[in-house]
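Chains as they are written, first to last, in this note's numbering: chain D, 0 to 171; chain R, 0 to 171.
Since the hints were made in silico from the structure, they are not lab data.
Do not rely on the hints blindly, as some may be mistaken.
Unchecked claim - Short derived list, chain R residues pointing at chain D, Cβ under 7 Å:
#, residue
1, LEU28
2, ILE39
3, GLU92
4, ALA96
5, ASP146
6, MET150
7, LEU154
8, SER160
To be verified - Calculated from the model, a selection of chain R residues having no Cβ within reach of chain D, i.e. all distances over 12 Å:
#, residue
9, SER105
10, ALA111
11, SER115
12, SER118
13, ARG152
These figures come from a predicted structure and were not determined experimentally.
A virtual CB, placed ideally from N, CA and C, is assigned to each residue, including glycine.
There are 2 protein chains.
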Amino acid sequence: MMEDTVAVPLDAETKVAERPGDHQAELRLWLRLLTCTNMIEGEIRRRLRDTFHVTLPRFDLMAQLDKNPGGMTLGELSSRMMVSNGNVTGLVERLLAQGLLDRRPSPSDRRAQLVSLSSEGRRAFRAMARTHENWIADIFAGLSPGDIDDMMRLLGKTKASTARMVAGKDAP
Amino acid sequence: MMEDTVAVPLDAETKVAERPGDHQAELRLWLRLLTCTNMIEGEIRRRLRDTFHVTLPRFDLMAQLDKNPGGMTLGELSSRMMVSNGNVTGLVERLLAQGLLDRRPSPSDRRAQLVSLSSEGRRAFRAMARTHENWIADIFAGLSPGDIDDMMRLLGKTKASTARMVAGKDAP
DNA sequence: TCAAAATATTTTAAGCTTAAAGTATTTCGG
DNA sequence: CCGAAATACTTTAAGCTTAAAATATTTTGA
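All chains, full assembly: derive it from the sequences and hints.
Given below as structure tokens:
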């Protein structure tokens, strides 16, 4: 059997199941990626809570609506946010109760409803978004513009590599 | 495109708040980092569930115990995993109920207890870890060794930059 | 047309997660 | 020694999240 054929697997796309199970570099990369992201996400959550008394999921939902002033259905929110339908149902309920959203039936589909930011919701979101943008800039202030470009490129490559594994891959 | 003179609300106050509030590059980087990490994490969760009927937090807890055969206190688990004490209490309860953990009182401190993998837990974890390692290798298969090095370095830089913001920073 | 399939949403049950408050024990300073 | 502070852990209340089942409506195809 092919033993010492270390030669770069190229794009072979053959599962890694090659020789020995030594994938320490990839494991360490994944651990660092996860730790780093969680650290940033935790800090953003903490600040949103302490400064604006809002949770990250609610902020994210409001951000989607801010980008779509015409309103969105729950299904659109669900797919844009990459979370389940039931999740969106609950988030919208709570934001409606806070008076940050408006809701109206879809004119074309009686199953669906359209939600959008209320005027209070839009005002609140704009204020939060400005500050949030500065937090993010501060967090990445240690990276040069070149670093940011490099990281964008590498993350793009990672995303593409991951996409090959998600959903099917083997499916005909 | 956006109108180009939106009169930046220049509310300064933070260090980044230089001239204009244009931190689009950093925002896009953060969005991509988050999306990429969530995509990978979601896939790993899905596979752990479908293949081994285990959740990621339980897998992570078992991984800590596998690295510490002498047993760990809940507090050690909590700080290593970077989650709250109450969270660990619940995870340990469920893993004990599954027979995957052993628990004994700490010989030196009657407030504390030591938990470790049961023999069944160790056997189960080892099997899962081997497969998990291959999943991670597959996911990052699109990155060259050089890419992995670059990404490790950039994430290290990001982590250091973030650490400056977390906990205090302004505190005297 | 009309029944079956697809779609939009809600409900349910289970688990993860946290902050804050509470309990038990240990440590420390006087 | 002894009371105060610190530490290890648990409990509680609230919210996030998902998969799966259920409901309502629309679309589709014979």
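Hint-by-hint comparison with the structure:
Taken as an interface hint, LEU28 of chain R checks out: its beta carbon lies about 5 Å from the nearest beta carbon of chain D, inside 7 Å. Hint on ILE39 of chain R holds. Least Cβ distance to chain D is approximately 5 Å, under the 7 Å limit. At a threshold of 7 Å, the smallest CB-CB gap from GLU92 of chain R to chain D is about 23 Å, leaving the interface hint violated. At a threshold of 7 Å, the smallest CB-CB gap from ALA96 of chain R to chain D is about 27 Å, leaving the interface hint violated.
For ASP146 of chain R, the interface hint holds, the least distance from its beta-carbon to any beta-carbon of chain D being 6 Å, beneath 7 Å. A distance limit of 7 Å between C-beta atoms decides the matter here; for MET150 of chain R the minimum to chain D is near 5 Å, and the interface restraint holds. Of the supplied interface hints, the one on LEU154 of chain R holds, with its beta-carbon coming within about 5 Å of a beta-carbon of chain D, less than 7 Å. For SER160 of chain R, the interface hint holds, since its Cβ comes within 7 Å of a Cβ in chain D; the closest pair sits about 3 Å apart.
With a minimum CB-CB distance of about 28 Å to chain D, SER105 of chain R clears the 12 Å threshold, and the non-interface call stands. Distance to chain D confirms ALA111 of chain R as a non-interface residue, since its nearest Cβ pair spans about 26 Å, more than 12 Å. The claim that SER115 of chain R is not at the interface with chain D holds, since no C-beta of that chain comes within 12 Å of its own (minimum 22 Å). No Cβ of chain D approaches the Cβ of SER118 of chain R within 12 Å, the least distance being about 22 Å, so the stated non-interface status holds.
For ARG152 of chain R, the shortest C-beta to C-beta distance to chain D comes to about 9 Å, within the 12 Å cut-off, and the non-interface label is violated.
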